[in-house]
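Visitor: Letter by letter, the chains look like this.
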Amino acid sequence: MKFTANDIANLIEGKLEGDPGVIVNKVSKIEDGQPGSVSFLANPKYTPYIYTSNASIVIVDDHFEPEKPVKPTLIKVNDPYGAFAKLLEIYNNIKHKKSGISDKSDIAETAKIGKNVFIGPFVSIGENTEIGDNVNIYANTFIGENVKIGADCLIFSNVNIYPDCMIGANVTLHAGVVIGSDGFGFAPQQDNNYKKVAQIGNVIIEDHVEIGANTTIDRATMGSTIIRKGVKLDNLIQIAHNVEVDENTVIAALTGVSGSAKIGRNCMIGGQVGIVGHLQIADEVRIAAQAGVSSSIKEKGFTALGSPAIDYNNYKKSYIHFKNLQTLVDKIAYLEKELKKLKAKNN
Amino acid sequence: MKFTANDIANLIEGKLEGDPGVIVNKVSKIEDGQPGSVSFLANPKYTPYIYTSNASIVIVDDHFEPEKPVKPTLIKVNDPYGAFAKLLEIYNNIKHKKSGISDKSDIAETAKIGKNVFIGPFVSIGENTEIGDNVNIYANTFIGENVKIGADCLIFSNVNIYPDCMIGANVTLHAGVVIGSDGFGFAPQQDNNYKKVAQIGNVIIEDHVEIGANTTIDRATMGSTIIRKGVKLDNLIQIAHNVEVDENTVIAALTGVSGSAKIGRNCMIGGQVGIVGHLQIADEVRIAAQAGVSSSIKEKGFTALGSPAIDYNNYKKSYIHFKNLQTLVDKIAYLEKELKKLKAKNN
Amino acid sequence: MKFTANDIANLIEGKLEGDPGVIVNKVSKIEDGQPGSVSFLANPKYTPYIYTSNASIVIVDDHFEPEKPVKPTLIKVNDPYGAFAKLLEIYNNIKHKKSGISDKSDIAETAKIGKNVFIGPFVSIGENTEIGDNVNIYANTFIGENVKIGADCLIFSNVNIYPDCMIGANVTLHAGVVIGSDGFGFAPQQDNNYKKVAQIGNVIIEDHVEIGANTTIDRATMGSTIIRKGVKLDNLIQIAHNVEVDENTVIAALTGVSGSAKIGRNCMIGGQVGIVGHLQIADEVRIAAQAGVSSSIKEKGFTALGSPAIDYNNYKKSYIHFKNLQTLVDKIAYLEKELKKLKAKNN
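Protein chains in written order, with the numbering used here: chain A, -3 to 343; chain B, -3 to 343; chain C, -3 to 343.
Just chain A, with the same shape it has in the complex (with noise of 0.2 angstroms):
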């Protein structure tokens, strides 16, 4: 994909100043600004790179007025970085925006495809799903039956979306992801033996979501395992069958929901947590990486370390005086040494 200066300065509404007609197809940073690319000036820590900068162009703030001769062309706008992430933005959309389905893929004859669809190579479709217009599905995934897909949505390469599920619009499935697998429900049979308990509820997963690589959320039992609009979920994570994850939380990389745990809005929960199931986290908790909760947190706000996870200023407290113990453990022997030399003289 190339742009010219003139092009970008129409895309983010910027002023003009040099060359117009030059050509860039990549991003850099300022300091290492290669011929080709574009670059954003936005801290004033990192002016001096612009005398020395081969970018051919460089998004400025409106108020720039170079003090020595400049090689890259300036684009002047009111809020550089702002208009340079925008510009990302549509550089990304485009890169990933494809259509037409191939021939390659293969589709039931009952399900509905929207309006300008991507569907790549060796996609499956099932019977009566419905996929929304704009949809982009990459190779390799597969989508079940009666499954529902909103409109503009992402999904990368080998995804799987197993029957009854219903996404949302605007949401973006990485790599890998898998959508609908069976929750971990086996009832204790007397002879040692597990019998597998059905699971055939679903997963609804709402707008605007995000779901990084090879994260794995299950079905419900019966009834929906639920995300909500906005959530944003980091790569490995595993949600088990009927877990809520409400508006807005973002999850860092392989924590574990384990089942019907509800977790609040606005939260943000580190890598590598792990959450009790059946618990009930409040609206904006933080918890830290590594915290392994396992009892509900209801109070707002509340910011939860360690496993079992404390508060937080508490753990970091006592955590200190773990790492002195040897410490208090001499100062113990001590006190009882002296102790029994006074008792000693007192007899």
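Simulated from the structure, these hints should not be mistaken for laboratory data.
One should not assume that every hint holds.
Only pairs whose alpha carbons sit at most 25 angstroms apart, straight line, appear in this in silico BS3-like list of lysine-lysine [what the hints assert, rightly or not]:
#	chain 1	residue 1	chain 2	residue 2
1	C	K312	B	K339
2	B	K327	A	K336
3	C	K337	B	K337
4	C	K312	A	K327
5	B	K22	B	K(-2)
With the hints as your guide, set chains B and C onto chain A.
Guide: Using the frame of chain A, we list chains B and C on its own:
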């Protein structure tokens, strides 16, 4: 899939009261039963809901006599929960049961395919591989050469089975599972490089095992990594080379078992547990979530917690004191001060 | 694959004693050698087994002279274990080495494919992507546009390589690996929503890297996430955006490395370790399993344990006291009581 009340009464050998022709195509909880759904009433606490439920069919106890008129058709059985579970199982089996071999699959000529097998599109099956009767293999699954898969297995989409692995009967593998990837074996060299140790063993999975989405099981360096009969593994678990997991042990998500560890039968292992290589874990051991087991557990039925893992109750007790370490530290400081005073008095 | 004793003697440059025509098609340990297998005897402890082994061939030391008749054909070499390892390597290379391009693959016209390449069925390769000589790509793998893959790589099934990523030579990627998924970058907005930060960098993987099954490596926000020469990553690892892992570092399963962390060379990092973002880890650092590294480690060769991670020996010592906290608490209570008595006496 649609069933009449009459169909269901026959399936679960119940006595029908109400319209035998009413049709259902889903299940619901009694408290939020919708028209077209079948529900059940087992816990007397939920009895009031039967008078307001919009479920079309409710499975009830033999002895249940409504005190007011009820809308749903009733089916009376000895054990309503058991009958409902049986119904779900039948429903689930029908749902996942497909047949036919997709002409978009890629099956080696030397592969032997059993009777009544379903093979989805974009599945590939290697040379000399044997697939048992009634096996279902969903889209995009890769099965290498010389693999054996027993009867009645259910293998979901995007599963990977490397060459030479052996899968028993009635095994379920969820989407994204990897069986038989190379063990993590590298020999350090004098120049700080590592030389790969060839991993030429395989993985053996016995009957009635279920393995969750994106779980990985490495092949043995030599010999076999073995998952015994009835073992249940959750999602995103790592089983390293030459591990053995004995019968009916269950392991929760995100747990890692290092190379050559041997885990006993009927163990229950929580989520995010780590087990060091070459250890032995006795039968019926329970390991709490996030524990790190760094030495063998030889006592049958032992319960472990902590990292490194120790006896569950000891850990719990020590952790209470850990949370109060500030108090201990304050007490010691007080003792030191008082002792000093006393010593002064005594001199 | 079948070899005669004569073939093997030539491959490992050994001296044959016994039937040169005996055929083997697998390997075994000497203590459970079966007909048709090749084994080795390196450790004198195992010498008795050579008189009972049913292996068809045993590789032995130059100086080995049987005291009794032996059934297997012997191949005498200078270093039996080394020769056996070499044999395994040859065997493994032959096993994974395939050739030909499946007509069920989907390769862009602008892709450049090297010589002697194997591309399995249902593989897709994007525009302008370059595949080096002797590369093997198994079924269902997706490789996006503008990717470069060096010579002699082995890429198993269902691997995902996003656009613009660069893979060196002699790299092995196991099944389900994801390279180049978006970094987890979201900017909080005033209304509690998150706005995605476009992730327009890539991933660079240098030569001789091996990456385990279902491991995920995110692309950089800008610039590159870099895995240097000789790094070995186990299964189910998360490497976040803009991380750098330096040469010959090995990382065990289920570890997570957060954004922009820099890890030195020749480090050994255990399983389920968490490393906080933006940290620096010096060369030759060892991090024990389940540790949580929350600040930079600047000391070369440091060994860390605990969460938050501290010096290994300090943690071990403190943990011993942690396990005995009840005893400490009891001692303090005793001291308090005795002190009180003494004070009473002294007043």
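Visitor: Decide, hint by hint, whether the structure agrees.
Guide: Hints, verified against the model:
Taking the CA atoms of K312 (chain C) and K339 (chain B), the gap is near 35 angstroms; set against the 25 angstroms cutoff, the hint is violated. About 18 angstroms separates the Cα atoms of K327 (chain B) and K336 (chain A), which keeps this hinted pair within 25 angstroms; it holds. This hinted pair checks out: K337 (chain C) and K337 (chain B) have alpha carbons roughly 14 angstroms apart, not beyond 25 angstroms. As the CA atoms of K312 (chain C) and K327 (chain A) are separated by approximately 19 angstroms, the hinted pair is consistent with the 25 angstroms bound.
At roughly 8 angstroms between alpha-carbon atoms, K22 (chain B) and K(-2) (chain B) fall within 25 angstroms of each other, so this suggested pair holds.
Hint check: a violation occurs at hint 1 only; the rest are consistent with the structure.
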